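Asker: The hints should help you fit chain C onto chain A, whose structure is shown.
Line order of the protein sequences matches chains A and C. The letter at position 107 of the first sequence is residue 107 when you use my numbering, and the numbering goes up by one with no holes. The letter at position 109 of the second sequence is residue 356 when you use my numbering, and the numbering goes up by one with no holes.
One or more of the hints may lead you astray.
Here are the computed lysine to any residue pairs in the SDA-like style, where the Cα-Cα straight-line distance is at most 25 Å [claimed, not checked]:
id, chain 1, residue 1, chain 2, residue 2
1, A, Lys-82, A, Pro-94
2, C, Lys-278, C, Asn-325
3, C, Lys-266, C, Gln-332
4, C, Lys-269, C, Gln-319
5, C, Lys-362, C, Pro-338
6, C, Lys-379, A, Ile-18
7, A, Lys-240, A, Ser-170
8, C, Lys-497, C, Ile-541
9, A, Lys-82, C, Tyr-257
10, C, Lys-262, A, Asn-79
11, C, Lys-308, C, Arg-250
12, C, Lys-303, A, Ile-239
13, C, Lys-379, A, Pro-25
14, A, Lys-82, C, Glu-409
15, C, Lys-379, A, Phe-24
16, C, Lys-523, C, Gly-493
17, C, Lys-471, C, Leu-273
18, C, Lys-322, A, Ser-242
19, C, Lys-356, A, Ser-93
20, A, Lys-82, A, Ser-93
21, A, Lys-240, C, Gln-319
22, C, Lys-322, C, Asp-276
23, C, Lys-379, A, Gln-22
24, C, Lys-303, A, Phe-236
25, C, Lys-471, C, Arg-518
26, C, Lys-303, A, Glu-246
27, C, Lys-356, A, Ile-18
28, C, Lys-322, A, Glu-246
29, C, Lys-430, C, Gln-468
30, C, Lys-322, A, Arg-5
31, C, Lys-269, C, Arg-306
32, C, Lys-262, A, Asp-158
33, C, Lys-303, C, Gly-255
From the derived model, a few chain C residues whose C-beta atoms are all more than 12 Å from chain A [stated by the list, open to error]:
id, residue
34, Met-248
35, Leu-273
36, Lys-278
37, Asn-287
38, Gly-313
39, Thr-370
40, Gly-386
Hints listed in this document are in silico derivations from the structure and should not be mistaken for laboratory results. Values in this document were obtained by computation on a predicted structure and should not be read as measured data. Every residue, glycine too, gets a C-beta built ideally from N, C-alpha and C.
If you want the building blocks of each chain, they are given just below.
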Amino acid sequence: MKRSRLSQLSASVLANAIYAMQNFPVMLINTILAPFGFLLIIFFVSHGTLLNVAIIGALIMTMVTSGTSLQGDLTHLKNDMKLQDMLVSSPVSPIIYIAGMALSEIVFSIPNIVVLGLLAVVFIHMSYVSAAIIAAVMLLTFAFSVSLGFFISTISRDIIEGWAFMGLISMLLATLPPVYYPITYIPLPFRYLAYLSPTTYSAMIAQNSIGFLSLSSSGIYLSWTILLGISFFILFLGIKRSRWREG
Amino acid sequence: MVRIICKGLYKTYDKAGTKALKNVNLDIDAKGILTLIGRNGAGKTTFIRILSTQLKPTRGKVILDGVDVVSQPEKIRNKIAVIPQDSSLVPWMTAKQNILVYLLWRGFKYKDAVKRAESALDTMGIREYADKLPRKLSGGTRRKVMVATVLSSEAEIIFLDEPTTGLDPVSRRELWNILNKMKEDKLIILTTHYLEEAEELSDDIAVLDRGRLLRVGSINQLRKSIGYPYAVRIFDGGLKIPGIRGKVIKKDKDTLQIFCTEKEADRIADRLIRSKARFSINPTSLEDIFYMLIGDIKEDIHEKEQA
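So that you can see chain A by itself, here it is in the shape it has in the complex (with noise of 0.2 Å):
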């Protein structure tokens, strides 16, 4: 028998994301939501004036939460359900269970995308350049959430200590980073702190681009090497050290 990859790819796209959308619409709703409150407070608080730094965090923010997500969800089905177990004894391969449930973050948030997308065109009058270096910058955001989700959501043996994880995953990927505003408003030595984020240099270099702020050509490449460093670090951490069939 001829085996598929589109199919192999679509069952997760369908099971994670369309059916769960198709038969609970609030979930839908609630993700649309999600980042949407806080780029609310960061607007009124700042009177206006973060709220082009506040959509390009959001955008971001949203790719973080794919990774998040994606932990929680693969938790629940590998521990309650036990659908990891399933799919080892069967042909797909590890590496296409995971594009395919990244895919399906990606599916659950194109609303969201489409949405903080057009508030970036109305708002924020970016060049082609600027708009590449932030989509570029969401993909490896994107890539380092969903590979460390992955990680985490195979070695959790419950769920109990999948919300652990996910709790200190969000401390790091999303508390920690100035990533609705800008880093110099957190005051030494916290920024320090800050810093142990690989969001941080993602909403940096995001920020840096809208020309919100002005970082050095060092400070440039030295954030996108820490960044591009982290991101395959986590997906040769994703794909070396995640535990599928268990030993």
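Answerer: For chain C alone, kept in the frame of chain A given last:
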């Protein structure tokens, strides 16, 4: 017919140091239904997880249908499908969607997967529940949908870890009928705690205890292997039968059970008929074989001497 070979199979769980399997050796041409029985912690699930490539053994060799599943698991995964213990349907998908995505994960094209899913629902007699979410299904129907997922696949070897646990007697019987149909063209390897289920369904039975494989074979082979293929039950505890060659167990105040050979059963029966005693003779049940194998049946020497 699928050949299963295990040589010196060990599994120790590192963190706890628990020895789940200890030197399991097996060489069997399995067909129909092979059932693993044993008490909790006997190693059934560990064994099934190793065979189905979910778990690596600590050491030892496992060859399933000519494939080394330890070193080349991907080569057998096209042929196998598993329903793990305590698995359940994805709650946000309908019964049909659950089956459909499993088939897509196995690489079926969408149209083919839809046809197979619908056909499996028909075979299981649960087509009317196709568009229902799992929370609206009874436990028995949910389990049937789980079985339908693997039934609809092309897998030739199906692993079911305690598929009937928690089901009511009617649902259990319905699932047995389905498994009996499935075994016509697939090998089913299942685990169960229900000994009457194993006896009813199995072509072969493997008895595991504390990580060791005690016996494997058909029910008749197991009977022969323990040396007592017949059980004579005498409902008159005070009766004296001299020179009994067998295992004598006092079941209760008035009932005596003797496990023995066919010849000895005939001899005892003659005697009992002459004494006009009430008695029955049956092939030794799997339950009795199991308890004898794990050493939980102790002969009542006093009763034997008195007899």
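Asker: With reference to the structure, classify each hint as holding or not holding.
Answerer: Outcome of the hint check:
1. Straight-line distance between C-alpha atoms of Lys-82 of chain A and Pro-94 of chain A comes to about 15 Å, which keeps the hinted pair within the 25 Å bound.
2. Of the pairs offered as hints, the one joining Lys-278 of chain C and Asn-325 of chain C holds, with about 19 Å between alpha carbons and a cut-off of 25 Å not exceeded.
3. Between Lys-266 of chain C and Gln-332 of chain C, the direct Cα distance comes to roughly 20 Å. Compliance with the 25 Å bound is thereby established for this hinted pair.
4. Note on Lys-269 of chain C and Gln-319 of chain C: the hinted pairing holds, with a Cα-Cα distance of about 22 Å set against a maximum of 25 Å.
5. Among the hinted pairs, Lys-362 of chain C with Pro-338 of chain C is consistent with the structure: their alpha-carbon atoms are about 22 Å apart, no more than 25 Å.
6. Proposed proximity of Lys-379 of chain C and Ile-18 of chain A is supported: the alpha carbons are some 16 Å apart, at most 25 Å.
7. For the proposed pair Lys-240 of chain A and Ser-170 of chain A, the alpha carbon gap of about 23 Å is at most 25 Å, so the pair holds.
8. At most 25 Å may separate the alpha-carbon atoms for a hinted pair to count; Lys-497 of chain C and Ile-541 of chain C meet this at roughly 19 Å.
9. This hinted pair checks out: Lys-82 of chain A and Tyr-257 of chain C have alpha carbons roughly 24 Å apart, not beyond 25 Å.
10. With a CA separation close to 19 Å, the supplied pair Lys-262 of chain C and Asn-79 of chain A stays within the 25 Å bound.
11. Between Lys-308 of chain C and Arg-250 of chain C the alpha-carbon distance is near 14 Å, which keeps this suggested pair within the 25 Å criterion.
12. The hinted pair formed by Lys-303 of chain C and Ile-239 of chain A meets the criterion: a straight-line CA distance of about 19 Å does not exceed 25 Å.
13. Between Lys-379 of chain C and Pro-25 of chain A, the direct Cα distance comes to roughly 16 Å. Compliance with the 25 Å bound is thereby established for this hinted pair.
14. For the hint linking Lys-82 of chain A to Glu-409 of chain C, the alpha-carbon distance of about 14 Å falls within 25 Å, and the restraint holds.
15. The hinted pair formed by Lys-379 of chain C and Phe-24 of chain A meets the criterion: a straight-line CA distance of about 13 Å does not exceed 25 Å.
16. Of the pairs offered as hints, the one joining Lys-523 of chain C and Gly-493 of chain C holds, with about 21 Å between alpha carbons and a cut-off of 25 Å not exceeded.
17. Between Lys-471 of chain C and Leu-273 of chain C the CA atoms are separated by roughly 18 Å; this keeps the pair inside 25 Å, and the hint holds.
18. Of the pairs offered as hints, the one joining Lys-322 of chain C and Ser-242 of chain A holds, with about 21 Å between alpha carbons and a cut-off of 25 Å not exceeded.
19. Restraint check for Lys-356 of chain C and Ser-93 of chain A: the C-alpha separation of about 17 Å stays at or below 25 Å, so the hint holds.
20. A threshold of 25 Å between alpha carbons decides the hint, and for Lys-82 of chain A with Ser-93 of chain A the separation of about 16 Å falls inside it, so the pair holds.
21. A threshold of 25 Å between alpha carbons decides the hint, and for Lys-240 of chain A with Gln-319 of chain C the separation of about 18 Å falls inside it, so the pair holds.
22. Restraint check: the Cα-Cα separation between Lys-322 of chain C and Asp-276 of chain C comes to about 20 Å, which is no more than 25 Å; the hinted pair holds.
23. For the hint linking Lys-379 of chain C to Gln-22 of chain A, the alpha-carbon distance of about 13 Å falls within 25 Å, and the restraint holds.
24. Of the supplied pair hints, the one linking Lys-303 of chain C and Phe-236 of chain A holds, its CA atoms being roughly 22 Å apart against a limit of 25 Å.
25. Proximity of Lys-471 of chain C to Arg-518 of chain C is assessed by CA-CA distance (about 24 Å); at most 25 Å being required, the pair is judged to hold.
26. Note on Lys-303 of chain C and Glu-246 of chain A: the hinted pairing holds, with a Cα-Cα distance of about 6 Å set against a maximum of 25 Å.
27. Between Lys-356 of chain C and Ile-18 of chain A, the direct Cα distance comes to roughly 18 Å. Compliance with the 25 Å bound is thereby established for this hinted pair.
28. Among the hinted pairs, Lys-322 of chain C with Glu-246 of chain A is consistent with the structure: their alpha-carbon atoms are about 17 Å apart, no more than 25 Å.
29. Distance hint between Lys-430 of chain C and Gln-468 of chain C is fulfilled; the C-alpha atoms sit about 20 Å from each other, no more than 25 Å.
30. With a C-alpha separation of about 17 Å, the suggested pair Lys-322 of chain C and Arg-5 of chain A falls inside the 25 Å cut-off, and the hint holds.
31. Annotation: proposed proximity of Lys-269 of chain C to Arg-306 of chain C holds, straight-line Cα distance about 10 Å (limit 25 Å).
32. With a CA separation close to 16 Å, the supplied pair Lys-262 of chain C and Asp-158 of chain A stays within the 25 Å bound.
33. As the CA atoms of Lys-303 of chain C and Gly-255 of chain C are separated by approximately 14 Å, the hinted pair is consistent with the 25 Å bound.
34. At the 12 Å boundary, the C-beta of Met-248 of chain C stays outside the reach of chain A, the nearest C-beta of that chain being 21 Å off.
35. Annotated as non-interface, Leu-273 of chain C keeps its C-beta farther than 12 Å from every C-beta of chain A; the closest such distance is 19 Å.
36. Here Lys-278 of chain C stays apart from chain A, with its beta-carbon at least about 20 Å from theirs, past the 12 Å limit.
37. A cut-off of 12 Å between C-beta atoms confirms that Asn-287 of chain C is not in contact with chain A; the least separation is 18 Å.
38. Gly-313 of chain C, annotated as away from the interface, keeps every beta carbon of chain A farther than 12 Å; the closest lies near 17 Å.
39. With a cut of 12 Å on Cβ distances, Thr-370 of chain C stays outside the contact zone with chain A, its closest approach being about 20 Å.
40. Listed as outside the interface, Gly-386 of chain C is consistent with that label: its C-beta sits roughly 15 Å from the nearest C-beta of chain A, beyond the 12 Å cut-off.
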